[in-house]
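S.K.: So the sequences go chain by chain: A, B and C.
Mapped onto my numbering, the consecutive letters of the first sequence carry residue numbers 1 to 224.
Mapped onto my numbering, the consecutive letters of the second sequence carry residue numbers 1 to 590.
Mapped onto my numbering, the consecutive letters of the third sequence carry residue numbers 1 to 252.
A couple of the hints might just be wrong.
Unchecked claim - When the alpha-carbon atoms are kept at most 27 Å apart in a straight line, the in silico DSSO-like pairs for lysine-lysine are as follows:
#1 B:LYS447 / B:LYS521
#2 B:LYS447 / A:LYS44
#3 C:LYS48 / C:LYS95
#4 B:LYS24 / B:LYS521
#5 A:LYS106 / C:LYS70
#6 A:LYS52 / B:LYS447
Keep in mind the hints are simulated off the structure, nothing from the lab.
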Amino acid sequence: MSWILPPGVSTFASDIDFLYYLILIITGIAFVIVEAGLILFIVKYRERPGRKAYYTHGSTTAEIVWTAIPAITVVTIGVLSGGVWKTVKGRNSVPPDALPYGVLVKQFEWNFTHAGVDGALGTGDDFTLRNRMHIPVDRPVVMRMTAEDVIHSFFVPAFRIKQDAVPGMEIAVWFEATEPGEYELACAELCGIGHSNMGGTVTVHTAEEYSRWVAEQSTTAALR
Amino acid sequence: MATTALPLEHATHAEAHELSFIQKYIFSTDHKIIGIQFLLMSMLFLVVGGLLALMIRWQLGFPETAIPGGALLPETMAPDGFLLPEFYNSLVTMHGTFMVFFAIMPLLVGVFGNFLIPLKIGAPDMAFPRLNMASFWVAVPAGIMMLAGFFVEGGHSGAGWTVYAPLSADPEWTGVSYGQQLWLLSIAVLGLSSILGATNYITTVVNLRAPGMTWFRLPLSIWALFITAILVLLAIPILSGAAIMLFFDQTIGTHFFDAATGGQPLLWQHLFWYFGHPEVYILILPAMGMVSDVIANGSRKPIFGYHSMVYAIIAIGFLGWIVWGHHMFQSGMNPTLGMTFMISTMLIAVPSAIKVFNWMGTMWRGNIRFHVPMLHAVAFVAMFVIGGLSGVFMASTPVDIYIHDTYFIVAHIHYVLFGGSLFAIFAAVTFWYPKMFGRMMNPTMGKVHFWLTFLFYNLTFFPMHNLGVAGHMRRIYDPSQYEFLQPLAGINQFITVNALLLFASQLIFAVNFVVSWFRGKRATENPWEDNGLEWTVPSPPPHGNFAEVPTVYRGPYEFSSPDVSEDYLPQTTRLATDRTPAAGSEGGSA
Amino acid sequence: MKRFVWAAVLAVIGCGGGEGAAGGEDESPMTMEATGPRGEATLHAMVKFEGTPPANPAIDMADEPSCVAKHQGTPMDPRVVVDGGNLANVFVYVKGGLPAGATYSAPSAPVVLDQDGCLYTPRVLGAMAGQPIDIQNSDPTAHNIKAVPTENRPFNISQPREGMTTTRTFNTPEVMVPLECNVHGWMNAYVGVMSHPFYGVTGADGTVAIQGLPAGTYEVEAWHEVFGTQTMTVEVPATGMVHAPFTFSATS
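From just these sequences and the hints, can you work out the full model?
M.R.: Pasting the structure below:
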């Protein structure tokens, strides 16, 4: 049992992880203060014969203090979060040079259309893989994602990315992987009886490896 | 007709003997009986919801072993004792549905709204007793319909308790048709019950307060129930309307939520959560109010910062309306709205913090009596804090990207609804049991039940945070499908074992509840030495409650006042310095 | 208002229960006493294919290694199976000509539909209305089976474990009921649901023998999932064999 996040391998993973640990520390302090205070009061002020409780209706100073401190803290967290949110999901956040992917999600499959050698969708060398996505390292990719039937959710824990796929909407999701390797992809939104079978993998290649792989795949696709 | 019916509604003790058994205990208009009826019904659904949870846990903890007693389940649910994914989805859906709509909500609002409001404000009954009776008897068929869904062809709804469209909108996607339709009709009917109840509570609190019961002499439980009733009255019609739209999508193909034919799936989420977030506060505000009453009593001290507490309730009631979008950060909703909802959500932490610190302030320098209700009330504070703090993680939109739809959310909601609401319900039931039934519950059994519940509750739900941090999605039938979740199998087993023990511990409460009803020590008028009006009448109070209209001289939390030698001072006690309130100055009188 | 709600509740519960029961076997018209005539003739259907059959698409099964292991080479989606000009997986059945009101009882022995290597075996099958269909999972992975009929009640069930068998029936004649697996989008099967026992599916040799027909004039239809349907009229004598040659082509 751990409060440590699994390794993050996308450009914005460290920002998200920073916020997570910041909130963990702040809430951890609040948790300790409250729980320790409760335990202290329980022990110290337990009923003793002949004693009467201190008669008071409160303190305005105390009310101001414990209104202001939480308010300032949470608004600060909110402002810090806002910046990261804008980078990851803001309306204009997709980097202009991102490699495009088409993603059609259906019960219970992910269909990733890869752009092929020319790096552009809608051309003859596009090819589609089921439940498998291949991307180059250190290059932003953008998925134009839509769902065929019900709502699904694209979740790659290692990239710290999650986005619902909604029928009738084309939603752009971008990320940039920083480590080559194979990462698991999951559906995070209950989508029917095959929901837990809706996994897949995202393979991150080095730049050279990716060029080689994509050329190979485009040839196979052309032959079909 | 009118001449015979009307006086019965405001019956006084003189007329009580005219009531038959059926009028007195079944189709009763007495708010206390209706409260007890709601109590028994919602405890039944609490058990049902708990059993469903145990089946979910079994699947997650021991997927390779047939579920004990699984042979009793039909082949469409668990062939050879192994749960099917479609049944698992129904379990997930119905556990949430029963707990939210048929257990916690009626326990807080139906039971204690009914039982406490007239007694605590000095009224003989609700403003509209027959409407009150209707609110219970409308809830009963809603419950039967919701249970019936398990027995129809295609099984029960499997779209989650939030029944997201389009999964819920078309049988094509789940194979569920009648189950989902029964779900929607049941919710619409139950909504009618809630609206009838809320109308009554609001009218009663505004009009039937005893002389001297000014707004700022109301117990916090009544303030919380009053604000809750306003939320119910405004929020439930939205759910009912949305449910009817979805019902039409299901049955006659209106396609309100179907993108292919001009509908919009996100519309369902907006409508659901526009109801759903106020609903979250409907499920916690009454708990906060009642815990405040119990903590002041247990600490033998006035509530610290009574006015702040009232304003915090009102602030939560207001802010609760403008935070619904935080359930939809990853839904594809305009990300700029995400920023707005993040800030409003962060702000709602402030009144919650105020309440926690004021409860601590109340205990500070108190003379704390650890009766069973007080144990549960302190546990409420300790657990609600965890639920509140974990909420900050998901309020932060970037962190939510990662933890959304994971077990972190499951942990959070259970720290609020079980650690929060249910501990408050245990506090309230044990506190007002003597007034309800005229008997004391066994304190030893009560303490054993508390400690076992507290222990196994935390062992069950705290590790769910860690599952969420590791990325474990919620609502998945088979985590072993994912390599990154396989190392978590041990935690899942640990949680399942503790969930079984947690459930078993509740048997102690059930036995204590039932046995004490018949064999418990007779309760005096005021066993907890409290100040509220309900403690000035016999236990249980007669039909009509007060032999004469009480007069209120002070607030409900005058514990350890230097003016008297005892450490409590009832609201009705007239000291030499007290003035008689001007006639008709406060509330109405019966 | 209250009375209205009660009425609505009762209506729904009654309606739900009633419809559920109607889906069961016992109310099926096919379990009535069989009075339909039977004879001794055999209808021998031979289905040929002319021209070059279209290539079957390859299946991207890479994400399901346990199924890939059951195939040699690239798994192909067997939509069109032609061997030496013989077309397999054609559902041939008597469409018309049986005496009006003739009824046949459904056999209690089930037909078996297996899921093996992430493909349905057989891909095309026939069953009588009311006859049990045993759906088996021979794969160490989860399948769901979604039936999307137009005349029968749809279902959507799952088989998460290897070795599971689930039995379902269709109660109304329908050509064809499509079955699909949504975990593996390429998996399709077709069930011809018949009110009589005079049907069959062509094998690898493109033929099927339909036995026990009484003498008469029948309309016989051949159905293929890609090439559609063809019908012909066949005179069946009291005994012996009558041939019904069908020819499909890539352009038909």
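S.K.: State for each hint whether it applies.
M.R.: Hints versus structure:
As the CA atoms of LYS447 of chain B and LYS521 of chain B are separated by approximately 17 Å, the hinted pair is consistent with the 27 Å bound. At most 27 Å may separate the alpha-carbon atoms for a hinted pair to count; LYS447 of chain B and LYS44 of chain A meet this at roughly 20 Å. For the suggested pair LYS48 of chain C and LYS95 of chain C, the alpha carbons sit about 20 Å apart, so the restraint of at most 27 Å is met. For the hint linking LYS24 of chain B to LYS521 of chain B, the alpha-carbon distance of about 24 Å falls within 27 Å, and the restraint holds.
Distance check on the hinted pair: LYS106 of chain A and LYS70 of chain C sit about 25 Å apart at the alpha-carbon level, within 27 Å; holds. A threshold of 27 Å between alpha carbons decides the hint, and for LYS52 of chain A with LYS447 of chain B the separation of about 25 Å falls inside it, so the pair holds.
Hint compliance for this structure: no hint is broken.
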